[in-house]
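**Q** Keeping their order, the protein sequence lines are chains E and R. Residue 1 is where the first sequence starts when you use my numbering, and the numbers rise one by one after that. Residue 1001 is where the second sequence starts when you use my numbering, and the numbers rise one by one after that.
Quick caveat, the hints were computed from the structure, so don't treat them as lab data. Nothing here was measured: the structure is a model prediction, and the numbers come from that model. You can take every hint at face value.
Computed cross-link-like contacts, BS3-like style, restricted to lysine-lysine with a CA-CA straight-line distance of at most 30 Å:
(1) E:K102 x E:K78
(2) E:K39 x E:K80
(3) E:K112 x E:K80
(4) R:K1003 x E:K216
(5) E:K216 x E:K78
(6) E:K117 x E:K80
(7) E:K66 x E:K80
(8) R:K1003 x E:K277
(9) E:K32 x R:K1003
(10) E:K39 x E:K211
(11) E:K335 x R:K1191
(12) R:K1007 x E:K39
(13) E:K66 x E:K263
(14) R:K1007 x E:K277
(15) R:K1003 x E:K152
(16) R:K1007 x E:K288
(17) E:K374 x R:K1007
(18) E:K112 x E:K211
(19) R:K1006 x E:K288
(20) E:K102 x E:K117
(21) E:K66 x E:K222
(22) E:K117 x E:K260
(23) E:K39 x E:K152
(24) E:K78 x E:K96
(25) E:K335 x R:K1073
(26) E:K288 x R:K1003
(27) E:K78 x E:K112
(28) E:K32 x R:K1006
(29) R:K1006 x E:K374
(30) E:K112 x E:K263
(31) E:K32 x R:K1007
(32) E:K216 x E:K152
To give an idea of the chain R side of the interface with chain E (calculated C-beta under 10 Å), a few residues:
(33) F1010
(34) F1012
(35) A1016
(36) I1018
(37) R1033
(38) E1036
(39) D1080
(40) R1081
In this text, a Cβ means the ideal position worked out from N, Cα and C, and glycines have one as well.
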Amino acid sequence: MYSLREIATLGILFSSLYFEIFILVTYIERRKDLHSRAKTPAESHPDLPGVTIIVPCFNEETTACKTIESLLNLDYPKDKLHIMAINDGSTDGTAKALEIYKDNPQVKVIHKENGGKHTVLNMGIAQATTEFVGCLDADSYAKPDALIRIIKQFSNPDVMAVVPSLHIYNAETLVQRMQKTEYLIGTFLRSVLAELRALYVTPGPFSIFRKSVFEKIGYYRKAHNTEDMEMALRMQSHGMTIASAHDAIIYTSSPNTPKKLYKQRVRWTSGFLHNIKDYRRLLFSGQKYGHLGGFVLPMMIVSAGSVIFVVSMFGYDIVRTIHSYIIHFQALGLKMFEWSWPSFNWFFIHTSPLLFAGFVAFGLVLTFIIIGMKLAHGNRAHIFDIACYVCLYSLIAPLWIIRSVTNVILSKQAVWR
Amino acid sequence: MIKDWKKYAFTFLITAAIFITAIAISSWIDSKRVNEVRTMQDSISLSILSSETQFNLLKSASCDDLFSSDLGKELGDMSDRLSYMESNGRGQDPDVITLKQYYSLLEIKDYILINSAIQCKNRPVIVLYFYQAHCPDCDKQGDVLTYIRQHYPGNIRVYSFDSDLDVSAIKTLADIYKITQPLPGLVINGKPYSGFHTIEDIQAIAPGLVSTTTATTTRK
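Construct all of the structure, not just a fragment, from the sequences and the given hints.
**A** This is the structure we're talking about:
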């Protein structure tokens, strides 16, 4: 009744629908807790613990100061918040731009030779004297209540790191508006994955750690240009809890052209796959590593494989359609354009189990976007942003996934910039 | 993960329920399709039977009934639906194969009846068309015939036969006109032609296919 191809496609759709429903079920279980967190106001008080925020600056003369200003504006006791701006051997005017902070007691400016982001972070962590350490990339900006909402999560002594809710700063181009929607889904997914203790990345912008994490499991390592993923996986492999503060809003600059986005995502996806390869002992060990190793990571790998299958099938269909147009043309010449189509009839509307299950999967994605908007209170996606996501994402995401999988198979490293 | 097995099982149940529903809806619509084609088949076989009976009684049938463009259109509609189902992966479905066999037999019956009505004027061009799967020229020939059928509906009657279909009457018909491989093979007004023929070729063989609008309006 069904062809092998249909069965394979149904299998792929089944696994992705299964993943979506599992996420939704988890969300429904925890929704009261998740939503109440965002509603309760977070107020600054003098007993808050000390925090050091490292701002790695590499050729970011235009944005670095704005990032530091957003940190100075944080609603947090001034004597508890230390900002460490580290100039990683910039070749532009970054050093000069940072000079304005030389008399500010809250900001410490350090110049070092260029060595890559992880060397900056390690230097900052080593010099930090506070209980908590974090980083904010010099192209990202924190909302005033972000830090206090993150620190609130550490009232649970098991929580070793907290990730924020990331949003696109100033979405102008179609590619950025698409990412705006994507990041809302990201906020939702991370808050649910945190509940499952299955977060596999502590994003560069404003993930805050207990300093003891680095003393116990070591500092940042060079890890396929995705050091933030390696750190999260290392924490997970040591059984450390990473929580999500979906109410702590961080705005981050994003690639504004398809080409830049493609480069960024090839770096992320290749890095993810390389790191998974390094941490493969986490895979399929549900007993020890919980939902992350037993379900979430295997699902991610399955989905990368699925994308390649679906795209190659789609490519095959396109070739076939073009071929049938060529045949029409050979048969009829230009007369093929006066083809009189059969009048509209339900009989000829395409129906298949794939179509119906696909509708459900699509409906769930829309649900995730709406929940993401509710969790990241105040950050809404315009209907146009959602349309950009729906139309563009499925067209361009396969490109970087295919490229990344080939990279990993050929053991190539994706470049940073 | 292990202690949450209930949630994994519950998720599986929901996902499975969605899939079963999707498969059920889809096969329900498929069965509605088969039923629609079956209804068409009944109506076609009824009109053929009625003309046949009339012919047997009077040794002549009303030319209008025989060449009614309604019957030609109905045969065409049924063939459109059958080829739609075939191209949507139901070519191996026993229901669809049976319908196709039935359709071929109805075509042959109609063809015999029309062929015996020699006394009628304004006979349409009669084309027998033999094709088979995986034959690129057949796809082209099918396009040409569909085009002609859609543009000159009253002037042509196309009977198309899938040579791969297990119906001995099709083989007999092909033998009568000495249709040989490779296909496509055409029989236009009783004369066999082999290989691909363009619209212009067919119009040259059957001049009746050129002036269309006047012919269709004067008929009825």
